[in-house]
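Asker: Going down the list, the protein sequences come from chains A and B. 0 is the number of the first residue of the first sequence in my numbering; add one for each residue after it. 2 is the number of the first residue of the second sequence in my numbering; add one for each residue after it.
Don't read these hints as lab results, they were simulated from the structure. Honestly, I wouldn't trust all of these hints.
[Unchecked claim] Here are the computed lysine to aspartate or glutamate pairs in the DMTMM-like style, where the Cα-Cα straight-line distance is at most 25 Å:
1. B:K339 - A:E244
2. A:K143 - A:E244
3. A:K246 - B:D275
4. A:K246 - B:E268
5. B:K339 - A:E25
6. A:K51 - B:E268
7. B:K81 - B:D236
8. A:K222 - B:E268
9. A:K228 - B:D193
[What the hints assert, rightly or not] According to the in silico footprint, chain A covers these stretches of chain B (three or more CB under 8 Å from chain A):
10. 32-42
11. 113-120
12. 125-131
13. 174-187
14. 268-279
15. 333-343
For each residue, glycine too, the CB sits at the ideal point set by N, CA and C.
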Amino acid sequence: MAKWGMVIDLDKCTGCQACTTACAMENNTLPGESWQDVLYYHEGTYPSAQMKWLPRPCMQCENPSCVHVCPTRATYKDMDAGGIVFVDWDKCIGCKYCMIACPYGVRFYADEKPLLEPDLREIFPSSNGQLWSPPYQNPEQDWKRGIGIQPPGVVSKCTFCYHKVSKAPAGTVDLDEDIAEVKEYVPACVRTCPPKARFFGDLDQPTSQVNQLIGDKHGVRLKDHTGNKPQVYYLGAGAGVPAFEPKPRS
Amino acid sequence: MNQQNILKGPAGLGLLVLSAIVLVASFGYAFMSLSSQGHASFNTSSTLPWGQPIATYLYFALASSGLGMIASLPLVFGFKQFYPVVKRAIFLAFVILISGMAVLAMELGHVFRMIWVIPFNLQIQSAMFWMGVFYVADLIFLLWKLQKLENGEWDSKTSKQVGIGSFLAVLLASGNLALIFGMMSMRPFWFDGLLPIYFYLTAVASGLAALVFFTYLANGFSRDNMSASLQGLLDGALPKFFAAVLGGTLLFIAVRAITGLYTNNPEIYVVWRDYLFASSTYQASLWIGIVLPFVLMMMASVRTSTGTQVLVSILVFAGLFAERFFFVVGGQVVPLFKGTWEWSLIQYTPSATEWSLTLMGSALLFTLYVLGERMLNLSAEPPVTVGQASTSGGVAAHA
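Bound-form chain B, shown alone (with noise of 0.2 Å):
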C-alpha cells in the first residue's frame, strides 16, 4: 500500500547520494587500476583464476535467482500470502542480477567482445553460453513480469503464463550456474551433481536475506509503516519459510562436508579441513550467518520481532557471501599440476581493486534499488490481498 515508503523522501533521497558516490568512487578506483595494471591489480594467478569478482557475481545472480524463485510462490504456485513483496522481490531480482553483470563485466579480459563472439560462435556445449542464454531470459521475464504488475495484472492467464516462464527460467539460470563448477570433474571440491539442488536454497535464502532487509529498509524499520497483509506475511509465513530454507542449507553444507571430510581424496578432504575449517571467517559465517540465523527463525517467541528479522537478514547476507567466496576459491586451492612449484595450497586475498568491485556492485544495487523504490510503487498488492488481509491478517499484526 506504500503508506510510509521512507524512501520516497529525503532518506532516500540521502541514500540515493550516498550509494551514488560510493559507486562512482568504487568505480573509479577499480577503473583506473584495471587501466593503469590490467588485471595484475587482481590478486588472481592463472593457477587460481577465479577470484573475489567471481563469488561477488556468483553471489548477485543467485540471489537475484532466489527473489525470482521467490515471486513465484504467489504468481506461479498460488500462495497468495506473498503478494505484498512479490513486486519489490520481481525489482529487486533485476537490479541484483544487473549488479552482478556489472561485476563480471569488469572481470572479464574482454566484456565488450563477448557481445559479439558469444552469439555469432554459438558454442552449446558450454555450460558459460547457456548461462548467458538463461540469464538474458531471466531478465527479460523479469522485466515483463514487472511491467505486468505495474499494469495491475496480478491474477491474468497472460501474467501468469509470464511468471511460469520466469520461474523456467530462474531454475534454468541458476542450475546451469551451479553446473559451470558442478560438472568440473578436474575439480573435485565442485564435482557434484547435486550443486544445482545446493544452489537453489542457498539462492532463495540469500533472497530472502535481501528482500527481508530492503523491505524493512523502504518501510523506516518500522512495522507501523507496513500495510496489514505485509505484517501478516512477517509474522506468519515468512520467517517460518526463512527457517526451512536455512535448515535445508544447513543440511546441505553438512553433507557436503562429512562425505568431503571422510573421502580419502586431498583434493577433497584438504580443501574442507585445511581450507574452510581451518578458516576463522568460515567458521564465523557457518555460525553465526547461517547457523545462529536459522536456530532464531526456528524460535516462535522471537522470530516474528523486528530486530531479529533485519538482524537475520543481515548475518545470512554476509554469511553467504562468505560461503559463496569458500566455494568458489576453495575449488582452487589445492594447486593442480604444480609438483613442488606450489607445496602447500595456493594463498589468496582479494586485493583492494577487486574489493573495490564487490563495492561497486554492492553501491550499484542500492542505487538501482533507491531509484526504483522512489519512481515505482514496490510495495503495491493486488486490492484482493488487501481486503483479505484487513480483516484476517492485519487482526493477527495488531494482536
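The shape of chain A in the complex, shown without the other chains (with noise of 0.2 Å):
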C-alpha cells in the first residue's frame, strides 16, 4: 500500500488560496473550517520585514498525536489508506482533545459560533442529521472516515481528498494533475493550484516525484521537534513558523 505524501513548493506559492476553495468546493466545509488554508505572517521589522505565507493541510503524521490522545479510536491512522488519518464520526464523542494535542491546528469543531453572518447553518439547514445541506454537496460520503459533511458534534479534517485518492488505479506513484489517467484522482488543494507549487505521491516508492523534490530541494517538516513526523514537506525559502509575537501593546 502507498503511503501519501503532499510536497509543497513556496518559492512557488502565490497565497492565491485556489487550493483553500478547492478544498472548501470540494468537502462542502463551513467558513473557518478550513481543513485547506494558507496563513500569512509577519516576521521582522523594516526595513526587513517581511510577509510570508504558507498553505497548511492536515500533516497526516506518522506518528500522531491526536490520534494517541483520542479516548475512543474515533481519530485514527489508517495504513491501508496510504496513511492518512481519520476521524470515524460515529466514534467521536466530540471532546475536543484531539484539537488540544493537533501542534498545527488542523482540526475543526464546526459546532461553534459561525465565523460569517448570515450562519449558513441556518439558510441550508439539514434535515439527514448533517450540521448542514448546501444546495450542491458533494455525493461523496464516508462517515467512517470523517468524508462528506459531518454531524453536530463532532471535529472534522482534511482527508487528503481521500474519495478521490481511493480511486486511483493500484501502484499510482504519482498523482500529478498533469497525468491524464490519474487527473480525477488528485486531491483537489493539488489539482487546482495554478503555479503547481503542490506536489502528491507515494513517500514509500523511492522514484515518486515526491520523494525527488524532497531529496533534491531540500524538503523539511514544519514544527519537526514535535516529533509528529507530518507526512507533508515544504520546499523552497521560508518553510518555517515565526514565533508567537503579540500585537504592540497601545
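Mind assembling these two chains? They're in different frames, but the hints should get you there.
Answerer: The following block contains the structure:
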C-alpha cells in the first residue's frame, strides 16, 4: 500500500488561496472550517520586514498526537489508506482533546459560532443528521472516515481527499494533474494549484516525484521537534513558522 | 454527633427547594440553548476548544479528589482528629464529582455515545480513557467507603482496605487529570511533569474550602451546634493544615509564574504577562482568593474564629475556581499556527449558556448535599473519638 505524501513548494506558492477554495468546494466545509488554509505571517521589522505565507493542510503525521489522545479511537491512522489520519464520526464524542493535541491547528469543531453572518447552517438547515445541507453537495460520503458533511458535535479535518485518491489505479506512484489517466484522483488542492506548487505521491516509492523533490530541494517538515513526523513536506525559502509575537501594546 | 444539624429542619428544606429551583432553571436554560443552537451557544471555538465548562468540571473533579484525600487522613494515615469530618468529606466528594460529571456531560458533543465507544475501543494510550477508568473507580470506592461508615465500620480491616483503595484511586484520578494537560508538549503553558503535585495541592485546598463551608452550613454557622471533637478539629489541626496547603499552593504558583515569566518562549511568558497577570480578575483571585486566606490561616489569633474560617472557605472557593479557569484557558490563548488570522491572544469570555452550566453544577451539588444531610447522618463519628474529645478537645474548645 502507498504512503501518501504531499510536497508544497513555497518558492512557487503565490498565496492565492485557490487551494483553500477548491478544498471548501470539494468537501463542503463551512467558512472558518478551513481543512486547507493559507496562513499569512509577518516577521521582522522595517527595513527587513517580511510577509510570509504558508499553505497548511492536515499533516497526516506518521506519529500523530491526535490519535494518541483520542479516548475512543475515533481518530485513527489508516495504514491501509496510505497512512491518512481519519475521524470516524460514528465514534467521535466531541471531547475536542485531539484539537488540543494537534500542534498544527488543523482540526475543526464546526458546531460553534459562525465565522461569518448570515449563518449558512440556518440558511441551509439539514434534515438528514448533517450539520447543514448546501444546495450542491459532493455525493461522496463515508462517515467512518470523516468524508462528507459532518453531523453536529464531532471534529472534522482534511482527508487528503481520500474519496478521490482511493480510486487511483493500484500501483500509482505520482498523483499529478498533468498525467491524464490519474488527474481525477488528485486531491482538490493539488489539482487546482495555479502555479503548480503542490505535488502528491507515494513516499514509499523511491522514484516518486515527491521523494525526488524532497531529496533534491531539501524538503523540511514543519515543527519537526514535536516528533509528529508529518507526511507533508515544504520546499523553498520560508518553510518555517515565526514565533508568536503579540500585537504591540498601545 | 449531629446535635443541631439545621439542614434536617425547615432551613434545610428551604435550601433544598431553592437549590432544586436553580438546578431546574439552569439546566432548562442550558438544555434549551444546546437544543436550539448546539455548541454555538458556547463562546468556545476551534481555536480555543476548551472553555469554562471544562474549567468547572476540573474544579469540581479536583475538589472531590481533595475531599477524598482529606478523608484518607484518618482512614489511611491514622490522623484520628479528622474523624469528625470524614463522613461528610466522603459524601461531599461523591456529590461534587457527580456534579462535575454532569457539567462535562453537557459539554461533550455526544455524551451517550461515550458510554459504549470508550469501553469497546479501549484506547489505553489516551489519558482521557484513564480519566474515565480512575474516576469511575474513585466513585465506586467513595460509595463503598460511605457504606462502610454508614454501617459503623470505622476501623475494621475491610474498612481500612477500602480506604487505601480509595486513596489510590483518588491519587490516580487527579494525577492523571493533571497529565491530560501536563503531557501536552504542544501546549507549553501546561507542559509540566510536576503538574500532578500542583493538582494534588490545589485539590486539597479546594476540598478543605468545601468541607469547612458545608460543615459550618450544616451546623448553622455556630460552633455551639458542633460536637466537642469537631470543635477541637476546627480549633487545632484543620486551620493549620489549611494554612500549610495554601502555602504549598502559593509556592507552586510562584514557581510556575517565575519560570514562566523568565523563559523566552512566548507561548509561556506571554500567557503569564499578558493574560494572567494583566487580568484584574486573576490578580483578585490570587491576592484575595489565595494569598489573603493564607495570611489569615497563618494568624493564630484569628484562624480559629468561625467568621474567619467561613470567610476563608468562601474566598478559596472563588479563588481556586478562577485559578482553574485561567489555567484551562491560559493554555489555549496563544493562537496555534494561525498566523495573522489570529494576531493577538485569543479573546474568550464565557457565554450565558456556559455560565448556566457552572450554575447547574453548583445547584446540583447543593441539592444532593442537602438531600444527603437530611437522609444520612453525615456528622457521625466513631464512639471512641467522641469519648476522647469530651475529655480533651472539648475542654479546650470551651476554654
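Asker: Return the numbers of the hints above that this structure violates; sort them in rising order.
Answerer: Violated hint: only 2; rest satisfied.
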